[in-house]
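Residue numbers (the numbering used here), protein chains in the order written: chain A, 4 to 414; chain B, 9 to 458.
Mixed in with the good hints there might be a few duds.
Claimed, not checked - 27 Å max Cα-Cα, derived BS3-like pairs, lysine-lysine:
#, chain 1, residue 1, chain 2, residue 2
1, B, Lys-394, B, Lys-98
2, B, Lys-317, B, Lys-209
3, A, Lys-33, A, Lys-347
4, B, Lys-394, B, Lys-209
5, A, Lys-34, A, Lys-258
6, B, Lys-317, B, Lys-394
7, A, Lys-347, B, Lys-344
8, A, Lys-347, B, Lys-209
9, A, Lys-184, B, Lys-176
Because the hints were derived from the structure by calculation, they are not lab data.
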Amino acid sequence: MTDQTNPSVTTATPTARPRAASGGMLGLTKKDSTLMLIVFALVMLAPFILNPFPEGSAMAQFNAGYPDLMQRFVIFGIFAIGFNILFGLTGYLSFGHAAFLGVGSYAAIWSMKLVTLNVIPGIVMAIVIAGAFTLVVGFISLRRSGIYFSILTLAFAQMSYALAYSVLTPITGGETGLQIKNTDSPLFGGPTDGSIGRANLFGAEMGNSYELAVGSWLFTFNLGYYIAGVALLVAFYLSIRIFRSPFGIMLRAVKSNQQRMNYTGLTPKRYTLSAFVISGMYAGLAGGLMVAMDTQVGPERMFWTASGEVVIMTILGGAGTLMGPILGAGFIKYMENIVSKINKDILHEWFAFLPDGAEDVMVSIVYPFIGKGWHLTLGILFMLVVIFLPGGLVEGGQRIANKFRRNKTDG
Amino acid sequence: MSKSNFTRRGVIKTGAVGGAALALPQYLRADGHAGFTNAPGDSEVVLGFNVPQTGPYADEGADELRAYELAVEHLNGGGDGGMLNTFSSKVLDGTGILGREVKYVTGDTQTKSDAARASARSMIEKDGAIMITGGSSSGVAVAVQALCQEAGVIFMAGLTHSNDTTGKDRKANGFRHFFNSYMTGAALAPVLAAQYGTDRKAYHLTADYNWGYTTEEAIVSSTEAMGWETVNTVKTPLTQTDFSSYIAPVLNSGADVLVLNHYGGNMVNSLTNAVQFGLREAQANGKNFEIVVPLYSRLMARGAGENVKGIFGSTNWHWSLQDEGSQAFVRSFGTKYGFPPSQAAHTTYVQTLLYADAVTRAGSFAPCAVAEALEGYEFDGLGNGKTLYRADDHQCFKDVLVVKGKENPTSEFDLLEIVEVTPVDQVMYAPDHPQMGGADASLGECNNGA
């Protein structure tokens, strides 16, 4: 930040580049392997990391290690990683990504209703159908760039939403959405006793959990979460490979100067369309996983605010970085699910140690920012990040890391 | 850069800590053995109140939450006891539920099924909620009801008026106290026929989503049974705020009644537009032009202001009812919050009490036992007169209120007056009624969960 430059960061990329050619673990550089290992550890140990507070303690409110939220973390992580491949690399800001997620979800639930309750075909269908839909939307929208592209994608997304909400009610179930019913009879392996089928992986249900109690801590290991977690690892690995590939460099070239690219005889649209479809398939994967974890689809999933959310996730975490989107997704889902659930009673418990008058004052100061005010808190944090950490949470992490490194050399 | 941080000392340390953690006695939670999801401990029981705190129905959600807090207070023996004193069942004695203190957690549905399910799942998975209740949209109610069925907890629906909740999407673990589109049609049609005659021509504007469809269907079929004719039905987008283009063709369509199958902000806007177009002073087919709003709420009436005067609709409950139960509820709600409760507050309060009562009568929190206690249960003293929780579809059957906008309101809460209390027999239907999903609709098996 001052005149003192940081050699370790500036030299990292140039030294890493030649090693990529020689090929490290899984074709990753040393640095990327470390990143991959960190993500692997985070995903595998999430039930421990997210449940740091003992059950029944006042802080247990902040525990996030329950299956639903852990699944959401990784699913929206995948969604944001995919979005970042488009936005972070090419700079094309799509405002309609939620539509691809929604299309993937509808494909997956129909696969479960009609073909099998096994999640694998559902997820594959989600990726394929979302990819095909993205191809159509991308083919049309990518005729324009900049704000016009954003508006086109937004228009497509809102059209899809409106179709799903009312016009296509026979296919999408309209406002009430689609669920698996006891009247559904999939071709392979539906329940025969008239009960409602559940999503499974070769018979193991997504909802299966193993609970480990250590002292007063309780950790939940959920099958569905780990399946989604593996999907995230694959998605993350592919994203690293895309970032480091010649294709990734082409995408960056689109972002930095499309005209120059044209003059060199390259067709940018081919690359942008590929990136668009890849990120649409990521969205489809996320949509399919959402259905696998929770067998229900509603059209709100495709609403433009949902598209806006993934933009915010990516920017908050750090657009164009590998880890950023995952962090951003986790951050927003944490706010949405944890902060929104703090109510006035809980606040009164927290501030109970204060004298009566002061307690009420504290509660009335904090109250607008929690519970239904979680949007307000999120907005403020988003502003702070954009103003002070333009590179997102990742930049924040780097700055902290640099501080420590510098202190080490100083001391 | 390439220096590894794995030192011998570090590895041994980590190994020791990890080993110690694994060696600690492992046990599953006590509820793992009780045979149903989230069995409560001996001292307290957690209920999940899942209401819209943001979005278009935030006002209703806020009122629902107030009612839930009041219900918990009364169940735990606080306040004046409210409707516990007038309830026909006397097993609730203000000591919580089965001797356990009632605690609650709240969540924000945002009136989106995804958010509502996320919030409900966190209540079940994280907070150990034994029952989920709330919601103020049918889409959300249907989605959360299906979730509760899957997870094995009871769902007590809040404000949801679409037929589907207890019609084609009914579930064994879900219960609805609120009335539905069919009942609105059946109650409203005779009153309309008596007021406006039997040779009317109706024009429908319908919100383009599930609730709009079932309401339109119900009103069309019950008014046609009275001899009315339906000239046209037009779907309007839910996000529409200016209805002028939809109202303009109405006058030339040959219709003499406009039915607005709209709710919330939609209804406020469409009614205001209709009045601005002078429909209320207009003449058609030699009769006065009339407007009908099937589902009324106080919050909507307040939004539409002057325009609701004299317009007919139906409602589940109104605070001006004079029976003992309603009065007790209005009194304790008013004492606590300073204004009378809405119908959303009433239905959620009643649902909480009914759940607590069913658990107490069953002597168990197990969802299937509770469901059995609620099925076919007849009760009184909760503001709607004699009420039956029908076993076939888990729908409450009770008298329906036909109301109209008051000509001379005395306060901002005194906007509706009750025209007629339609007796329950008149709004009864067969469980396999075609509007309710026909013969295919079934509750399925009740689910106790883990």
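query: Taking only the CA atoms, is the gap from Lys-347 of chain A to Lys-209 of chain B under or equal to 27 Å?
result: violated, 51 Å
field: Lys-317 of chain B paired with Lys-394 of chain B [C-alpha distance capped at 27 Å]
entry: violated, 30 Å
- prompt: Taking only the CA atoms, is the gap from Lys-33 of chain A to Lys-347 of chain A under or equal to 27 Å?
  reply: Violated, at about 49 Å.
- request: Decide if the proposed pair is consistent with the structure: Lys-394 of chain B and Lys-98 of chain B, CA atoms, cutoff 27 Å inclusive.
  value: Status holds; Cα separation ~16 Å.
query: Is Lys-394 of chain B within 27 Å of Lys-209 of chain B, Cα to Cα?
result: Violated: Lys-394 of chain B and Lys-209 of chain B sit about 35 Å apart, past 27 Å.
- prompt: Can the restraint linking Lys-347 of chain A and Lys-344 of chain B be considered satisfied, given a maximum Cα separation of 27 Å?
  reply: Holds: Lys-347 of chain A and Lys-344 of chain B sit about 16 Å apart, inside 27 Å.
Satisfaction of hint between Lys-176 of chain B and Lys-184 of chain A, Cα-Cα up to 27 Å: holds, 10 Å
query: If you draw a straight line from the CA of Lys-34 of chain A to the CA of Lys-258 of chain A, is it 27 Å or shorter?
result: This hinted pair holds, its Cα atoms lying about 24 Å apart.
- request: Starting from Lys-317 of chain B, check that the Cα of Lys-209 of chain B is at most 27 Å away, please.
  value: Cα-Cα ~22 Å, so holds.
Of the numbered hints stated above, those contradicted by the structure are hints 3, 4, 6 and 8, listed in ascending order.
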